[in-house]
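Protein chains: 2
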Amino acid sequence: MTEVVIAGIGQTEVGEHWDIGLRDLAYAAIHDAIQDAGGLKPQSLFVGNMLAPNLSRQAHVGALLADYAGLLGIEAVTVEAAGASGGAALRQGYLAVASGFVDVALVVGVEKFTDKVGGEVDEALATTADSDFESVQGMTPAAQAALLMKRYMHEYQVPADGFAGFALTSHANGAGNKSAMYRKAIKPEVYAKAEMVSDPLNMFDMAPNVDGAAALVLTRRELLPSSFKNPLVKIAGSASASGTLALHDRKDMLFFETSHLSAGKAMKQVGMTLDGIDFFEYHDVFSIFAALQLEAVGFAVKGSGWKLAADGSIGLKGTIPCATMGGMKARGFPGGAAGVYQAVEAATQLRGQAGANQVADARFGLIQSLGGPASTAVSHILQKLDS
Amino acid sequence: MTEVVIAGIGQTEVGEHWDIGLRDLAYAAIHDAIQDAGGLKPQSLFVGNMLAPNLSRQAHVGALLADYAGLLGIEAVTVEAAGASGGAALRQGYLAVASGFVDVALVVGVEKFTDKVGGEVDEALATTADSDFESVQGMTPAAQAALLMKRYMHEYQVPADGFAGFALTSHANGAGNKSAMYRKAIKPEVYAKAEMVSDPLNMFDMAPNVDGAAALVLTRRELLPSSFKNPLVKIAGSASASGTLALHDRKDMLFFETSHLSAGKAMKQVGMTLDGIDFFEYHDVFSIFAALQLEAVGFAVKGSGWKLAADGSIGLKGTIPCATMGGMKARGFPGGAAGVYQAVEAATQLRGQAGANQVADARFGLIQSLGGPASTAVSHILQKLDS
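First to last, the sequence lines map onto chains A and B.
Numbering follows the numbering used here, with no gaps: position 233 of the first sequence is 233.
Numbering follows the numbering used here, with no gaps: position 277 of the second sequence is 277.
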């Protein structure tokens, strides 16, 4: 059986990188990942990017980054599935290596949000919704999330501070991640006083759209040189599913079908159940997404995902640690790079290098990258291998 | 040995589809391809699209099309490499099926240019060049091509009408393709009188940016039902290479390194030389690109690619028929769909269904999809299989 392993990881600090362009930001992560992989030379580059053609007026990012990283001539392509672009790029890299067509693949996620002002960013983000039926009406991702959240709170009688636990957990974990944008734990009072964005969704129910790049070097286990020293992390499961872009097209708005489907497929590939998952990197661009993912994947029954945040179950010592390095909320949401950050963070956990944030005895991590309100969901299961 | 075959093909007429949106256009091609494939049900969708996030304000096209085509739940992703997006999507679909991870893949190329006026299209197209060093200066793809053409004409002393043969050939072939935008042969006088776009590049040295969608259903040969009736076409070779976006970063502007590399790799996979190639679908968005591809692939020595057009060698009965269904010039250039059109047309030739445009005894076709001035080149070799 072919074993695809993560040989190298790299990431930049997430934040407002006004002094660094798209290519330099990506290069920083690429450099670190290749160095971490002991200099393995990639033959293919898969870039996860969401909005560069709009926000940086730069399409064709694959070839651009291959050249800039000193990899001129290799295969290079951009993979886009809105916010799931990073997860989708990882999956294409995984397929290329697992198939044997490519020996070493480089997966890079990169996004630059903060060179533009809020209105431009919102307009660009709205391209990920259904342009003919949603964004044309002024619907933005935050508005979609607010609709879901309002319906959820009504349906399940969730109190006003019901979602606070998601932000509290993420910020507590962000404090231990030197690549995170926000490294300070917050108190419940801060959540309670947060400004409203789109009622009932407040500033702490959504992640900041910021700049960042993360990279992975993938190869097959047997191709690693004998001198290779990093603890081994394998991509044990990989699956992707698509759903409707528009919320109104769904039978049940409050069930993330794609999240359920892709996680289920990935677990089936590994031959495991949720019991074996030691931590879960969800796609908490909005706290409501985190709640719905916990339910769709199966960690909570419908309507009770928020309780796992409220009662501490998702904490580092809880029953299912989530957003272990700060998640989208505190690490920050770097668009198409987000899914690659998840993989870098999960690999860090499984290598046992997560420092104060280490999940004890972590052997299996589930990561899930969403595009839109789970219009796309890409799930991967990462596994610690015995050396 | 795994054999990936093209089980179904579909394409819309290329032109100004003001009455059809992005999703409807794509669906028309998807419908025909799936029907042509006898109803095979895809598990994965790879969309080649170049500019929808800009021109249609629609990102996340993968999930959108999967849903609209009645394929809700399947894996769906957009693949972008500027003008090579279609070729790159085909390659991802090929990898997915060849690897065994996916049994049936749907590859769709779609682009809508004509809902926008020229200036907006030019601005969007310029995102495919190097934004920090080229497009920021006002450089558009047409300007890049004009620079190359001028240098080429100077270097090799090419006469003013030296490139006419490319347009004449494409238009002659477009006449026999009912999906082509221009179906009328043109005379040398028309080329000679054409308006200048960017000296020395005239209206007939560039392809029209228009709307279109094309689709392919890929599977492994052994999965075809016994009732399957279409003549069999196999994807025998597949390779992609990247180069610099900016022209000024190249050692030799007049050699399309990526074109050379990717075609060479694809032929090596098949274990064949150029002698075995019966026709070549080049990426003639600009006549100078066609000339440089003929040289880079090896059909002509450096500086003499244009002569193959001038002396009729690229005609349907020539030594190396090119743009056999009209190419980008006469079929039209539907952006990210262009590479998929190439595959549909090559499959039509290899099935022996090209009508008046049939290349006699065609067994191997080389198709090459370019992004920018060959900043990306994706090459595929399609092969007719004996039934």
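Please keep in mind that the hints were generated in silico from the structure rather than gathered at the bench.
Misleading hints may appear alongside valid ones.
Note that identical chains are pooled: a pair holds if it fits in a single copy or bridges any two copies.
Simulated pairs of lysine-lysine, DSS-like, Cα-Cα distance not exceeding 25 Å [unchecked claim]:
| # | residue 1 | residue 2 |
| --- | --- | --- |
| 1 | 268 | 150 |
| 2 | 251 | 41 |
| 3 | 116 | 307 |
| 4 | 268 | 41 |
Checking residue 116 and residue 307: alpha-carbon separation at most 25 Å within a copy, between copies, both or neither?
Neither: 36 Å inside a chain and 49 Å across chains, both beyond 25 Å.
Pop the pair residue 268 and residue 41 into one bin, within, between, both or neither, using alpha-carbon distances up to 25 Å.
between (32 Å within a copy, 21 Å between copies)
Which holds for residue 268 with residue 150 at a C-alpha limit of 25 Å: within a copy, between copies, both or neither?
neither (34 Å within a copy, 58 Å between copies)
Cα distance capped at 25 Å. Does residue 251 pair with residue 41 within a copy, between copies, both, or neither?
Result: close only across copies, 23 Å inter versus 47 Å intra.
Hints 1 and 3, counting from the list given before, are not met by this structure.
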